[in-house]
Amino acid sequence: NAGVTQTPKFQVLKTGQSMTLQCAQDMNHNSMYWYRQDPGMGLRLIYYSASEGTTDKGEVPNGYNVSRLNKREFSLRLESAAPSQTSVYFCASSEQGGRAHEQYFGPGTRLTVT
Amino acid sequence: AQSVTQLGSHVSVSEGALVLLRCNYSSSVPPYLFWYVQYPNQGLQLLLKYTTGATLVKGINGFEAEFKKSETSFHLTKPSAHMSDAAEYFCAVTPYGANSKLTFGKGITLSVRP
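Protein sequence lines correspond, in order, to chains A and B. In terms of my numbering, the first sequence has 15 at position 15, counting the first letter as 1, and numbering is strictly consecutive. In terms of my numbering, the second sequence has 1103 at position 103, counting the first letter as 1, and numbering is strictly consecutive.
Please keep in mind that the hints were generated in silico from the structure rather than gathered at the bench. Computed from a predicted model, the values in this text were never measured in an experiment. Treat the hints loosely; a few may be bogus.
[Unchecked claim] Keeping only pairs whose Cα atoms sit at most 30 Å apart, straight-line, the calculated DSS-like set for lysine-lysine is:
1. A/K9 x B/K1106
2. A/K9 x A/K57
3. B/K1058 x B/K1106
4. B/K1106 x B/K1069
5. A/K57 x A/K71
6. B/K1068 x A/K14
7. A/K57 x B/K1058
8. B/K1068 x B/K1049
9. A/K9 x B/K1068
10. A/K71 x B/K1049
11. B/K1106 x B/K1049
12. B/K1106 x B/K1068
13. B/K1069 x B/K1058
14. B/K1058 x A/K14
Using the sequences and the hints, build the whole thing.
Below is the structure:
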């Protein structure tokens, strides 16, 4: 039982390049999330998916797109990377959105945009 | 809308001393409250959560937190700090009864001096 896995662990992009961050969970959770973590800012929600087939914007969605490929997988795409998107990205999942169900986090992807 | 305030960004204690990390929340409806811990270069791990019922909640690694509705607080404590407690700690809130997302505080870094 691997929990939440993310690939890649590290990535360096040049401004304007695109990439997709992959996330998968094996806990049969309905809800999945993408966050970014910046120093002194805590975690900010980019997008979330309450259930398979649905996605919704979070606090900081600009410059990102997501795809809930199936119940297990939730990817985050940067179409044209900018230095402001340099951050650590975390994927999380939970049985059901928010409520009393804690979110389980992946190990993160450290992205640098030059 | 809900929010979380974690005053200060850094707390330093001596090994064996009391750990107290403060969290105040704002929520228009009764909240669910969480504390997460993040060790260096890792994802977030749930320490404890308050849903309903007993207001004193015990978590992993000897941590506990008390929900005080009148003070809108959910402070995290541990009677005796250990070197392995050095990490970043995040308080988070989600409203009760709604399929909602977690709102995180900005986090507090705990250092433990030998």
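Going through the hints against the structure:
1. A/K9 x B/K1106: holds, 23 Å
2. A/K9 x A/K57: Roughly 24 Å between the alpha carbons, so the hint for A/K9 and A/K57 holds.
3. B/K1058 x B/K1106: Roughly 23 Å separates the two Cα atoms, so the pair holds.
4. B/K1106 x B/K1069: holds, 21 Å
5. A/K57 x A/K71: Distance of about 18 Å is within 30 Å: holds.
6. B/K1068 x A/K14: violated, 48 Å
7. A/K57 x B/K1058: violated, 33 Å
8. B/K1068 x B/K1049: holds, 14 Å
9. A/K9 x B/K1068: violated, 39 Å
10. A/K71 x B/K1049: holds, 26 Å
11. B/K1106 x B/K1049: holds, 18 Å
12. B/K1106 x B/K1068: holds, 21 Å
13. B/K1069 x B/K1058: Answer holds: B/K1069 to B/K1058 is near 17 Å, not above 30 Å.
14. B/K1058 x A/K14: violated, 46 Å
Of the numbered hints stated above, those contradicted by the structure are hints 6, 7, 9, 14, listed in ascending order.
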